[in-house]
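Generate coordinates for the entire structure from the input sequences, incorporating the hints supplied.
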Amino acid sequence: MLTLIVTTSDLVEDLKAMGVKEHLEQIEIHSQHEKAMTTAVLNLLGYSVDLSEAFVGDLMKFCDVTDDKDLRAALMAKMLATLEMGVVTDDVILQVVIPRLVHEAARDLAYVNEIIQCLQKVSGFPAFVACTSAPSILLRLYVDDFNAFSPQNQDITMDLLMLLCKNRTSPIAFAFFDKTWNALSNLFALAASLYVCNVHATSRILTFAWLVTAPDADMMLLLASQASILTPLCRVLCDPPPPMEKKLESIGKPSQVTHVLIVRFLHAISIQPLGPAEMVECSPIFEALVACLSSYPIDPVQKRRDGQFSYLKDLQQIALQYANHVQSSTFALDTGLKNLVQAVEALSPNHALVPILCGFLADLTQQKPIVTAFYRLQCLDNFVHMFGRLQSADAPTERHIHLLACLAHTSRAGLESEVITRLASDANYTSTLLQCLNQCTRQAQEHAAYLLSTLILYRPELGGSPGFVSLLVESLEAVDLVVVRRVLVCLSCVLQVEGTQETLLRHATVPVLAQVLHKADAEATEHALRVLAVLCSKHAAICRRVVAANLLGVMTSMLRNAQIHEHNSLHAAWILSCVTKDKDLALRLQGSEPSFALECIKYIDKYSPPTASKILRMALNSWSVCSTELPVVGLVHKLMAFAPVSENRSVRKNGCRVLALLFVLPDLDDDSVGDDVVDRLVHYFFDMLRSGEDKLIVASLQALENGLRVESTTDRSIRAFVANSSDGLASVLHLLAAEAYHPSLNQLLLVVKFLNGLVEDDVSTDITSRLENMAVSPLLKLFEQDPLAQFNPQTIKEVLGLLAALTRRNTTLALSPRIINSIKRVIELLNHDEDTTFQSEALHVLVNFASVADLRQSIVLHGGLLVLVGALEHDLGDSQLQLILLGVALLSGDDLAKQTVDFSALVPKLLNLVSSHNTNIQSLAVWIVSNVCVVDSVRQAINAKNGATVLQSLLYQVNNTSSSTERPLSSSKRIREMAPKAIKELGFTPHCS
Numbered sequence: 001m002l003t004l005i006v007t008t009s010d011l012v013e014d015l016k017a018m019g020v021k022e023h024l025e026q027i028e029i030h031s032q033h034e035k036a037m038t039t040a041v042l043n044l045l046g047y048s049v050d051l052s053e054a055f056v057g058d059l060m061k062f063c064d065v066t067d068d069k070d071l072r073a074a075l076m077a078k079m080l081a082t083l084e085m086g087v088v089t090d091d092v093i094l095q096v097v098i099p100r101l102v103h104e105a106a107r108d109l110a111y112v113n114e115i116i117q118c119l120q121k122v123s124g125f126p127a128f129v130a131c132t133s134a135p136s137i138l139l140r141l142y143v144d145d146f147n148a149f150s151p152q153n154q155d156i157t158m159d160l161l162m163l164l165c166k167n168r169t170s171p172i173a174f175a176f177f178d179k180t181w182n183a184l185s186n187l188f189a190l191a192a193s194l195y196v197c198n199v200h201a202t203s204r205i206l207t208f209a210w211l212v213t214a215p216d217a218d219m220m221l222l223l224a225s226q227a228s229i230l231t232p233l234c235r236v237l238c239d240p241p242p243p244m245e246k247k248l249e250s251i252g253k254p255s256q257v258t259h260v261l262i263v264r265f266l267h268a269i270s271i272q273p274l275g276p277a278e279m280v281e282c283s284p285i286f287e288a289l290v291a292c293l294s295s296y297p298i299d300p301v302q303k304r305r306d307g308q309f310s311y312l313k314d315l316q317q318i319a320l321q322y323a324n325h326v327q328s329s330t331f332a333l334d335t336g337l338k339n340l341v342q343a344v345e346a347l348s349p350n351h352a353l354v355p356i357l358c359g360f361l362a363d364l365t366q367q368k369p370i371v372t373a374f375y376r377l378q379c380l381d382n383f384v385h386m387f388g389r390l391q392s393a394d395a396p397t398e399r400h401i402h403l404l405a406c407l408a409h410t411s412r413a414g415l416e417s418e419v420i421t422r423l424a425s426d427a428n429y430t431s432t433l434l435q436c437l438n439q440c441t442r443q444a445q446e447h448a449a450y451l452l453s454t455l456i457l458y459r460p461e462l463g464g465s466p467g468f469v470s471l472l473v474e475s476l477e478a479v480d481l482v483v484v485r486r487v488l489v490c491l492s493c494v495l496q497v498e499g500t501q502e503t504l505l506r507h508a509t510v511p512v513l514a515q516v517l518h519k520a521d522a523e524a525t526e527h528a529l530r531v532l533a534v535l536c537s538k539h540a541a542i543c544r545r546v547v548a549a550n551l552l553g554v555m556t557s558m559l560r561n562a563q564i565h566e567h568n569s570l571h572a573a574w575i576l577s578c579v580t581k582d583k584d585l586a587l588r589l590q591g592s593e594p595s596f597a598l599e600c601i602k603y604i605d606k607y608s609p610p611t612a613s614k615i616l617r618m619a620l621n622s623w624s625v626c627s628t629e630l631p632v633v634g635l636v637h638k639l640m641a642f643a644p645v646s647e648n649r650s651v652r653k654n655g656c657r658v659l660a661l662l663f664v665l666p667d668l669d670d671d672s673v674g675d676d677v678v679d680r681l682v683h684y685f686f687d688m689l690r691s692g693e694d695k696l697i698v699a700s701l702q703a704l705e706n707g708l709r710v711e712s713t714t715d716r717s718i719r720a721f722v723a724n725s726s727d728g729l730a731s732v733l734h735l736l737a738a739e740a741y742h743p744s745l746n747q748l749l750l751v752v753k754f755l756n757g758l759v760e761d762d763v764s765t766d767i768t769s770r771l772e773n774m775a776v777s778p779l780l781k782l783f784e785q786d787p788l789a790q791f792n793p794q795t796i797k798e799v800l801g802l803l804a805a806l807t808r809r810n811t812t813l814a815l816s817p818r819i820i821n822s823i824k825r826v827i828e829l830l831n832h833d834e835d836t837t838f839q840s841e842a843l844h845v846l847v848n849f850a851s852v853a854d855l856r857q858s859i860v861l862h863g864g865l866l867v868l869v870g871a872l873e874h875d876l877g878d879s880q881l882q883l884i885l886l887g888v889a890l891l892s893g894d895d896l897a898k899q900t901v902d903f904s905a906l907v908p909k910l911l912n913l914v915s916s917h918n919t920n921i922q923s924l925a926v927w928i929v930s931n932v933c934v935v936d937s938v939r940q941a942i943n944a945k946n947g948a949t950v951l952q953s954l955l956y957q958v959n960n961t962s963s964s965t966e967r968p969l970s971s972s973k974r975i976r977e978m979a980p981k982a983i984k985e986l987g988f989t990p991h992c993s
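The numbering of the sequence shown is the UniProt record's numbering, which starts it at 1 and goes up by one.
Bear in mind the hints are in silico, worked out from the structure with no lab data behind them. Possibly wrong hints are sitting among the right ones.
[To be verified] Listed next, the in silico DSBU-like pairs over lysine-lysine satisfying Cα-Cα at most 30 Å (straight line):
no.	residue 1	residue 2
1	Lys-824	Lys-695
2	Lys-368	Lys-303
3	Lys-69	Lys-166
4	Lys-338	Lys-253
5	Lys-368	Lys-338
6	Lys-121	Lys-69
7	Lys-166	Lys-179
8	Lys-179	Lys-253
9	Lys-984	Lys-909
10	Lys-638	Lys-695
11	Lys-179	Lys-246
12	Lys-519	Lys-638
Owing to the predicted nature of the structure, the values given are computational and were not obtained by experimental measurement.
Structure follows, in structure tokens:
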């Protein structure tokens, strides 16, 4: 009520005389609403300025009076009361008040708590952030006189510092770079001292420090230069793993906030450019990380262990980052490295931390300076000892793998002789390496092969390994077949190790293996064939060398004697399947054994499934080069009885590929071949489309697509099956989905090509009509996501082509969210200038959409008309120009089009097209003019170009039968309809005679 009274200007003076101000100041106010109303009344009465000025006077008096404690206390109480009323808001006054308050807080700690509360009241005003002295003074007060604050004011002071930081106050303003007072060191020292008794304050200090240092590169370098200040806080690393992925404000426990921030600080420092001086500072941190990794309390519950191991992996990566900065002349991390090796030795081999520590050692030894440090610290003996201590295990464990990596990295770093000398001291090390070579993963196999090769070069009597391939190839020429078999076993085991096959290519591997094969030792032959098979599958040069070594006869003989040596027949078939990939070599095989592939197919069911698969691949390669005089019908019956029912996926896949090849041979068009054979194949291929096996589906789709040859038996059979079978199209259309796309096995592309083939030569249009009802919806669904991000250009082109063909008659188009989304996607494709492969098809689709009245406004709204109008600026052929003009004509009649597109710039182009030699282009241009001439700017532009005269002349030509040229009836009719309408809109009277 008082507020309403004050708003009446006549009563203001009366209220002042009554002493309203004094009464308001004496009222005890509790709620924020009452406080706001009281402040508003005081402002309306004009007392706010008086109170602000009085506050300034009180502050000055408070600062000047130093010996009267009672007066200072009264003044401070009065100032707090004034600030509590919220009347000190003037920016000019605050710019005077805030610096004085800040300096007074630094001068007299007796009233520091009250002054901090005063600063809190005015911290929301720009003058507080603008106060240049506040950051450094408040920070120094907080750090140096932390205990002088009450607990509440400790938080308030930190809030003020946070506020300054969040308002982008520079680290310089906080005096972090002041060398006379090391603010950063003192701040972290305070945080460490408070961790036990006041973890809340520690978390807030670290949060403030993170906000200051993280965004500023210079601050991070400053922190890195004195990184040891973090060492006392590293004790938190052994606490349970914190939620590192959460934001700081969403973490509830101060201890977890502290933990997260310490990890962040350690990581941030580790990625800085650390020189030798910084590495000295970081050495205590590295030692603390090693201590945590080697003594972390692992929880016995497996579920919690996973989180702990993940956390330890993160710490390991941070420690590794510090190690990355070590140079050959840097000794800073020596203590930490020595502690790490001693910790691994001290722990039980089955301890849960051993794999982590050994993995850390393996990562460290990838760096040459670290290896040098280990050598300087005499740790190589420890590595070899630990590796030997583990060798008695039944199978290589994770510890073996990591220690194997340590030895390999150390050897590669220039300490090869040191490592090999130690390994050669005990034969058990060789057996351990062989064990790792046979049973470990690829990387460990590579390390084992490398160490064995180096070891054998140093002590040849210890054995052989594929790591030193030249020695193994030479050993293949040995007289003792036991040695040959062992060497072949070694080669067989290490063929997949990186570098082995390339080394074999550089040697006379194939001639040497040919000599082994001619020795006819069963075991040696088996391993030699396997080596050749693997090499042939990877290197075409080996295939040519196999033929040059006259080994084709050996391979065919192995296949003919498959029942004696099953493995040999598999490898022989594998080699022949690789050899026949080369067309020249395939012809060479057919020249020497014309009916060999046919003979193998005849007895295909006698072979094991893996061998049969390779035989089918060989037949496919051979017949792809030369397929004359094949008994196609017999082969179809044989393979149809074998491949589809096989349980082996490769047999089904390669059998389908061979049948696909036979399906497109001209022999099936012979009258002597019954339609039942072709129909059976067609049914088979359609059935395979639902097999769920990608390669089988691809082979079937390729066969069906290739079978759509005009006037062929296969074409008639496919179309008949599709027309008569309800499942025919369904089995194809279920693949019309984004999931069917793959860069190499592109089922989607093949499906669309096949459907395009069906539509293209669909004379009766029955199939097209069915596809319009069944395929348009899945085609539109393909555009739900960005096609440019999902598919390659060729797939997009074929999809758009099919969509254009199926939407030409517009029988299935209606306004819907999916069609609108498709419109947007098509327009995006038309705007995509980087690849024009699919532009023509996209244009056809857009024009088809535009022919549906309900869709036109959506096309215009999403920029389709702008795209078409923009396309007219380019040089276009007549067919493409007609298509674009048709789209513009269909869309330009919409009212929204006239409001969103400036057609006046198009007038010269349209008038030129009206005079085009192409009558269809003329009629479309007239149509567009008749649509857009109702717009004033367009009408003026046309009249300025004498457009009415041009239209009248064209109308005269069309109507004057004596002078008119031959025109399509449709274009003449359109001109007769549209030209008079346009002439009238231009303000003239059309003359139709």
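So, going through the hints one by one against the coordinates:
1. Between the alpha carbons of Lys-824 and Lys-695 the distance comes to roughly 34 Å, so the proposed pair goes past 30 Å and is violated.
2. Distance hint between Lys-368 and Lys-303 is unfulfilled; the C-alpha atoms sit about 37 Å from each other, more than 30 Å.
3. For the given pair, Lys-69 sits about 37 Å from Lys-166 by alpha-carbon distance, which is inconsistent with the 30 Å threshold.
4. A threshold of 30 Å between alpha carbons decides the hint, and for Lys-338 with Lys-253 the separation of about 36 Å lies outside it, so the pair is violated.
5. Taking the CA atoms of Lys-368 and Lys-338, the gap is near 16 Å; set against the 30 Å cutoff, the hint holds.
6. Of the pairs offered as hints, the one joining Lys-121 and Lys-69 holds, with about 23 Å between alpha carbons and a cut-off of 30 Å not exceeded.
7. Distance hint between Lys-166 and Lys-179 is fulfilled; the C-alpha atoms sit about 24 Å from each other, no more than 30 Å.
8. For the suggested pair Lys-179 and Lys-253, the alpha carbons sit about 35 Å apart, so the restraint of at most 30 Å is broken.
9. A distance of roughly 21 Å separates the Cα atoms of Lys-984 and Lys-909; the hinted pair therefore holds under the 30 Å criterion.
10. As the CA atoms of Lys-638 and Lys-695 are separated by approximately 21 Å, the hinted pair is consistent with the 30 Å bound.
11. Our distance criterion of 30 Å between C-alpha atoms is broken by Lys-179 and Lys-246, whose separation comes to about 36 Å.
12. Our distance criterion of 30 Å between C-alpha atoms is broken by Lys-519 and Lys-638, whose separation comes to about 37 Å.
Figure legend: structure checked against the earlier numbered hints; hints not met, in rising order: 1, 2, 3, 4, 8, 11 and 12.
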